[in-house]
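Between the sequences and the hints, there should be enough to build the whole structure, so can you do that?
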Amino acid sequence: MIALWYALISFMLIVYIALDGRNFGAGMLHWLVARTAEERRQVIAAIGPLWLWHEVWLVGFGGTLVAVFPRLMASAFAGYYLALFLILWSLILRGISIEVGGHINDALWQGFWDFVFVFSSFLLAVLFGLAAGNVARGVPLDVDGNFSMPFFTNFSVRGQVGLIDWYTISIAIFAAVILAAHGGAYLTLKTEGSVHDRSSKYTKYLWAMAVPLFLVISVESHAVRPDAFGRAIHSPFCWFGITVTLIAVCTLISGISAHHELRTFLGSNFILIGLLTTGGAAIFPVMLYSTLAAENSMTAYSAAATENSLRLALIWWPVGLALAVVYFVFISRCYAGKVTVRRDTQGYY
Amino acid sequence: MNSSFSDPAFWSRFQFGFTLTYHYLFPQLTMGLAWFLVYWKWRALKTGDEKYNRAVRFWAKIFGLIFSIGVVTGVPMEFQFGTNWAGFSRYAGGTIGQTLAMEGMFAFFLESAFVGALIWGEKRLGPRYHFLAAVAVAFGSWLSAYFIVNTNSFMQHPVGYQVDFHGSLGIGNLRAYLLNPWALIQFSHNQMAALVTGSFVIAAIGAFYALRQLHPAQAQLYLRAGTWTGLIASLLVAFPTGDQQAKMVGKYQPVTLAAMEGKFVGGAHAGVAVIGQPNVTTRRLDNAIEMPGALSFLAYGHFGSYVRGLDEFPTTVWPDNIELLYYSFHLMITLGTIFIALMAYAVFENWRSRLHFNRCLLWALMLALPFPYIANTLGWMTAELGRQPWLVYGLFRTRDGYSKVVSGGDTVFTLIGFVGLYFVLGLLFLYLVGREIGHGPEDEVTAGPPPNDAAVLRSKEEHFS
Chain F
1 MIALWYALIS
11 FMLIVYIALD
21 GRNFGAGMLH
31 WLVARTAEER
41 RQVIAAIGPL
51 WLWHEVWLVG
61 FGGTLVAVFP
71 RLMASAFAGY
81 YLALFLILWS
91 LILRGISIEV
101 GGHINDALWQ
111 GFWDFVFVFS
121 SFLLAVLFGL
131 AAGNVARGVP
141 LDVDGNFSMP
151 FFTNFSVRGQ
161 VGLIDWYTIS
171 IAIFAAVILA
181 AHGGAYLTLK
191 TEGSVHDRSS
201 KYTKYLWAMA
211 VPLFLVISVE
221 SHAVRPDAFG
231 RAIHSPFCWF
241 GITVTLIAVC
251 TLISGISAHH
261 ELRTFLGSNF
271 ILIGLLTTGG
281 AAIFPVMLYS
291 TLAAENSMTA
301 YSAAATENSL
311 RLALIWWPVG
321 LALAVVYFVF
331 ISRCYAGKVT
341 VRRDTQGYY
Chain P
1 MNSSFSDPAF
11 WSRFQFGFTL
21 TYHYLFPQLT
31 MGLAWFLVYW
41 KWRALKTGDE
51 KYNRAVRFWA
61 KIFGLIFSIG
71 VVTGVPMEFQ
81 FGTNWAGFSR
91 YAGGTIGQTL
101 AMEGMFAFFL
111 ESAFVGALIW
121 GEKRLGPRYH
131 FLAAVAVAFG
141 SWLSAYFIVN
151 TNSFMQHPVG
161 YQVDFHGSLG
171 IGNLRAYLLN
181 PWALIQFSHN
191 QMAALVTGSF
201 VIAAIGAFYA
211 LRQLHPAQAQ
221 LYLRAGTWTG
231 LIASLLVAFP
241 TGDQQAKMVG
251 KYQPVTLAAM
261 EGKFVGGAHA
271 GVAVIGQPNV
281 TTRRLDNAIE
291 MPGALSFLAY
301 GHFGSYVRGL
311 DEFPTTVWPD
321 NIELLYYSFH
331 LMITLGTIFI
341 ALMAYAVFEN
351 WRSRLHFNRC
361 LLWALMLALP
371 FPYIANTLGW
381 MTAELGRQPW
391 LVYGLFRTRD
401 GYSKVVSGGD
411 TVFTLIGFVG
421 LYFVLGLLFL
431 YLVGREIGHG
441 PEDEVTAGPP
451 PNDAAVLRSK
461 EEHFS
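The listed protein sequences derive, respectively, from chains F and P. Per the numbering used here, the very first residue in the first sequence carries number 1; after that it's consecutive. Per the numbering used here, the very first residue in the second sequence carries number 1; after that it's consecutive.
Rather than coming from a laboratory, the hints here were simulated on the basis of the structure. Everything numeric in this text was worked out from a predicted model, so none of it was measured.
Residues from chain F that face chain P, not an exhaustive set, calculated with beta carbons under 7 Å:
hint: 1; residue: L52
hint: 2; residue: T64
hint: 3; residue: P70
hint: 4; residue: A74
hint: 5; residue: F85
hint: 6; residue: I92
hint: 7; residue: G95
hint: 8; residue: S148
hint: 9; residue: A305
hint: 10; residue: S309
Simulated restraints on C-beta separations:
hint: 11; chain 1: P; residue 1: N287; chain 2: F; residue 2: V319; range: 48 to 58 Å
hint: 12; chain 1: P; residue 1: R284; chain 2: F; residue 2: I104; range: 49 to 59 Å
hint: 13; chain 1: F; residue 1: G337; chain 2: P; residue 2: G420; range: 39 to 49 Å
hint: 14; chain 1: P; residue 1: K46; chain 2: F; residue 2: L314; range: 42 to 52 Å
hint: 15; chain 1: F; residue 1: S235; chain 2: P; residue 2: F165; range: 25 to 35 Å
hint: 16; chain 1: F; residue 1: L246; chain 2: P; residue 2: K46; range: 48 to 58 Å
hint: 17; chain 1: F; residue 1: S235; chain 2: P; residue 2: K46; range: 57 to 67 Å
hint: 18; chain 1: P; residue 1: W42; chain 2: F; residue 2: H234; range: 58 to 68 Å
hint: 19; chain 1: P; residue 1: K404; chain 2: F; residue 2: G337; range: 46 to 56 Å
hint: 20; chain 1: F; residue 1: T153; chain 2: P; residue 2: G417; range: 16 to 26 Å
Even for Gly, the Cβ is constructed at its ideal location relative to N, Cα and C.
This is the structure we're talking about:
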C-alpha cells in the first residue's frame, strides 16, 4: 500500500514536471527564440491558456503529499524553508507575468513582463533542479526527523550540507538544460515562422548538450549515493524507467531528423518521465536520505499516514485522476494545433 | 500569547493570517461572480438577447484577472502548512491532507481546465459549450470552497478521525469526516457571503455606470441582478445560515460564544450587546447597552436559556484575543444588517423603476463595494480567533503546531516578502481592473471599443476577422 502510494505521488510530481517543465523551458528560451514583440506574444500564446492547468498538478501533488506522507511534508518543507519560498514567489511572478503581460499593448509594459517571465522561469528550473539534487544527495536529517539547511556550507555532499553544493549545482544545470530543450520542443510544435525555426534549432543544440551533462551527473550520482545504485539494479521499476528513457531518446532523435514535431515533443516528454521514474525508483524506499547518519533517513514507511487513511484515499484518488484524464482530452482537443497571435492572444484586444 | 519579535509561533500565525486574508479577497469574488456568468450565459442561450453575452464578456475579463491573482496567491497556502506549521502537518496531515488533496484532484483540475475556455474560448467553443464551461468553473470553485471549509471545520470540530501509534491523526470514518455538520453549515454561510460580495460588486459597477450615464442597458442589467441577488444572499447569510452557525458555536465551542459576546459572567436571559467594549483586565463589558434575553434566544431558542460565561472556563481555554474576536463578530453582524437594509431599499426602488433617478442610493450602492470584503474577512477572523488557543479544537494547541526548525526571524523575513509582493499585486490588480471598468462593456450601438483608441480598434478587428 505504501509502495503504491509512493508510486502515485511520484507519478503526480513527474506529470507536473513534464507539463510545467515545458513552460519553464519556453520561458528560458523566450528571449532567444522570439525577437520581436509579435513573436514574443506568440510564445506567451503557446502556453497562455494552459499554464494554470499545469500548475495545479503541483497543487494536487502537494495536497496528496500531505494526505499520504504527512511527516515527509512536515520535515521537508520546513527544512527547505527559504528555498521553498523562493519557489513560491517565483511561481507567483511567473503566473502574473504570463497573465498581465498581454493586457496592455505597450512595448515598455510587455518588455517588463517578458523580463519577469524569463527571470522567474529560469529561477524555477534551477530551483527545481536543486530540489531534485537535494532529494538524491540527502539532507542533514537528525534523529527526530528534522533538518534546517543553509543555502550552502562548504560545498561538500556529506555531513552538514547546504542547498547548493557541487553535486546539486550540476543537477540544476542539467535540469535547466533539459527543461529548456523540452520547452524548445514544445514551442517548435506550437508555433510557426521564425519562432518555430529558432526553437527547432535550440532544441537540437540543447538536447545534444544534455548528453555529456547526463554522463557527468550519472558518475557524480554514483559517487554521492552508491547505495541507490546498488538498489536500482534490482528494482524492476528502475529498468522500466531506463527502458522508457531509451525508447524516448530514439523517438526524439527520429522526430528531430524526420522534422516530425509531435514525435519530437513526445520523445522529450518521455525522456523526462523516464529519467524521473528511474531516479524515483532508485531512491525508494528512502524519501529523505540523511547525510548525517543513514539510520536517520526517512523512508516511505516511516513517513506514511495510517493504513486506514491510505486505503480510504485510494478509493477517491483514481476517480479524481480519471476526471483529470477527461479534462486532459478536452484540453488537448480544444487547444490542438499551432497558435496564432491573432486568435490566441492573451490580451483582450 | 507572547508576541515578542522573535516568537516563531506568533509570526507563523501572523503570516498565515495575512496570506490567507489577502488570498481570500479574490476567491470570494470569483465564487460570487461565477453564478452570475452562468445565469447570463443561460439567459443569452434562452432569449438570444446579445446584451447578456456582452455582460458575460465584460465580467469574464474581470473574472480572469481575479482568478489568476486568486490562483497565484492560493498556491503558497498549501505549502505553508509544511513550511510554517510542520508540527500541525505531522499531527493532522493524515486527516486534513485528504481534503486538501481532494480539492486539487476534483476542484482545481476542473476549474483550471475550463477557466481558459470561459475567458478566451467563446469563439472557439460556441455558445452551448461556452455555457458549460461557465457551469464547470462555477461548480469547481464552489466545490473547492467545500473542501477548504471542510478542512477548516475539522480544525473547529474534529470528527471522523482516529489516533495512530505515532499519536497523530488519521482518517477513521471518511464519510463522517466529509459530512462534518460544522462544514455543512459553515459552507452555506460562507458561500452566501461570497454571493453577497459578488452581487455588491456587480451592483456597484452598475451604479457607477448609471451615475456617469454610461452603458445604460448594461447598467440596468447589473443593478437589477446585483440588487436582487444581493438582497436574497444578505438575508440568507443572516438567516438561516448565520443563525445556525452561531448556534453551532454555542453547542461545540461555548467558551468561544461567551468571548464573542463579551460574556464574562454566565447567566439566564443573556443579552446581546449593541454597544460595549470588552475589558479583559476588569473582566466586564464597558459601557454596555444590551438587548436582554436576545443571546439566550438566538443561541438556545429560549429567552430564559442559560448562557455560560467566560468565568466558567479555565483561562487556558479562553480565546487568546477576546477584544479582536468581539469586535470582529459584532462589526460583521452590524455590516450584515446594513447590507439587508440597503439591498431591500434598492430592490424596492428598482421595482418602482426609480433606482436610476435616486442618485443618493446609487452613490450608496457604489460606495458599498468594499464592505462585503470587510464583512467576509471579519467573519473568518471570528471563526479563526474563536478557535484559539486550539489548532484542532480540544485536541491540539496552536503553540504546538508551528515549525520548530524555523526561527521567528525567518518567518518575519518571508512575511515581509509576501507583504511586498502582494502590495505590488494589489496595485497591479486595481490598475488593470480599473482600466477594464474604464473601457466598460461593449455598447449596443457602437459594438466595439471607444473609437478614439485607434490601435485598440485595429487589433480588435483583426481579432474578430
